[in-house]
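Peer 1: If you want the building blocks of each chain, they are given just below.
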Amino acid sequence: MSTILSVSGLRVSYGRIEAVRGVDLSVGTGEFVGIIGSNGAGKTSMLRAVTGVVRPAAGSVTFDGADATGLKSHQMVARGLAMVPEGRMVFADQSVRDNLVLGAYSRIASDPRGVEEDIEKTLGMFPRLRERIGQQAGTLSGGEQQMLAIARGLLSRPRLLIIDELSLGLAPKILDMLFPVLTELNRQGLSILLVEQMASYALAVTHRTYVMENGRVLFDGPSAELAGDDRVLDAYLGRRTRH
Amino acid sequence: MEALLQYLLTGLSAGAIYSMIALGFYVMWSAAKAVNFTFGDVFMLGGVLTVVLREMGLPLPMAAAAAILIAALSGAVIERVFVRPFNREANAIGWMLTTIAVGTMMESFTTATYGPLGRAMPTPLVEQPVRIGGAGIYLQELLLPVVLVAMTLALEAFYRRTVLGRAMRAVAYNRVAAGLVGIDADRITMLAFALAGGIGALAGFLVAPIVQASSSMGVVVGLKGFLVAIIAGIANAPGVVITGLMYGVLEKFVEAYLSTAARDAIGFTVMILVLLLYPQGIFGRREVQKV
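Residue numbers (numbering that gives the first Met the number 0), protein chains in the order written: chain H, 0 to 242; chain A, 0 to 290.
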């Protein structure tokens, strides 16, 4: 299996605080990979460095076989990486449709017809968004905003979609609707890297999972195996019994 | 009654200039959370360059278009060289110092090369005042509020209907999110400063026939435009326009009933009082907390 994303020795610092202390990980083409870990484990900081929101202090990022270390976000998008950021960050003062158009910013000038088709496709995926197409994104519910953020991310036609905290603030009912969409996207060939605090969801949908703590990867393995691993059960799946 | 109408019309005319300047500040602030304090001098370039190019033999419309284009380019250059490197950290204020310094240099350079005196820019609209209900006013002065309205509507259409305008709003709303959808936020910011430069120069060109084009024409007007933007609430375009017009009218009434000397003292006092009452600006909303 070829590799779409590989990260090696990645370090991220904010002033004197080191949030990520040498992370190695990779996502295979077509793979669905999860990262779990408690709050403050460095997951979001690691993603910020991969997607060019911050510059890594050390280490390298390789995307689709080419070095991508230190590229800016918009350059990563041009290479085929899209991120659904933590907290969704929809453009609240613009309509749902305009958010989608902005998702396709990198290719709308060269391929307006393709963009229209893709908008139709994502609206088919999320019918709720079609109902709210003219509404300001800020007036949507949390679940709808997450749908919009995913749809917006897809409109750049990424080869790797990174999602940071899909479940944040969302009701289980919404999650039961969103996760199957990711599984379906992955089945269609999209590589996905999902960072998720709700470990049970992440382990259920992904192929492989990394466990991060204190800015490092503790271990990784097939998600099905980790779901039965004692360390994971105790720390992330809320098993109370000690042994 | 005639006098009232007179003050109202000339006030709206002067206010339209403040509004245009304030709109330029609004455009820059939205994109960068910083502004260009050379802006009064970019405004001056609109008038002075038009005069210079015209003296070199260009017809008025071409001279004005070239002056506006040059001013827009200078807006972009100022952003790239004097704002961006000094606005990297959150709450950075280095850009204030650099742009104020560059503005002063632009004014000095213009004084040295163009001369300290104002030069006339005759247009057909300042040959003869027209009479409206007993009030006398040049068509050029009446043109200013008309252009202001057109400019505001055009800006609104740009922000809402074009991909570039939407991208500018996206950058204004959240730079990180804009980058993550593929928008080069730095490039968009530079374009915003160029757009503002064009707006400022257009205002300078339009007012030059009335006040004469001089190297210092932008100093006080630039400051007032900025104050108007602040007391209106710099993130609200219609509010900025209305406030500018009101301030222009206020000034004319103070001039008429008190004195020209009292104008700025009273005008600035009013601004300070308004700011005390409305710290976010008259039309400003509290900035949405972004987590």
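Some hints could be false.
Stated by the list, open to error - Residues from chain A that face chain H, not an exhaustive set, calculated with beta carbons under 10 Å:
#1 Ala2
#2 Val162
#3 Leu179
#4 Ile271
It is worth saying that the hints were derived from the structure and are not from the lab. In this text, a Cβ means the ideal position worked out from N, Cα and C, and glycines have one as well.
Peer 1: Need the list of violated hint numbers for this structure, in ascending order.
Peer 2: 1 and 4
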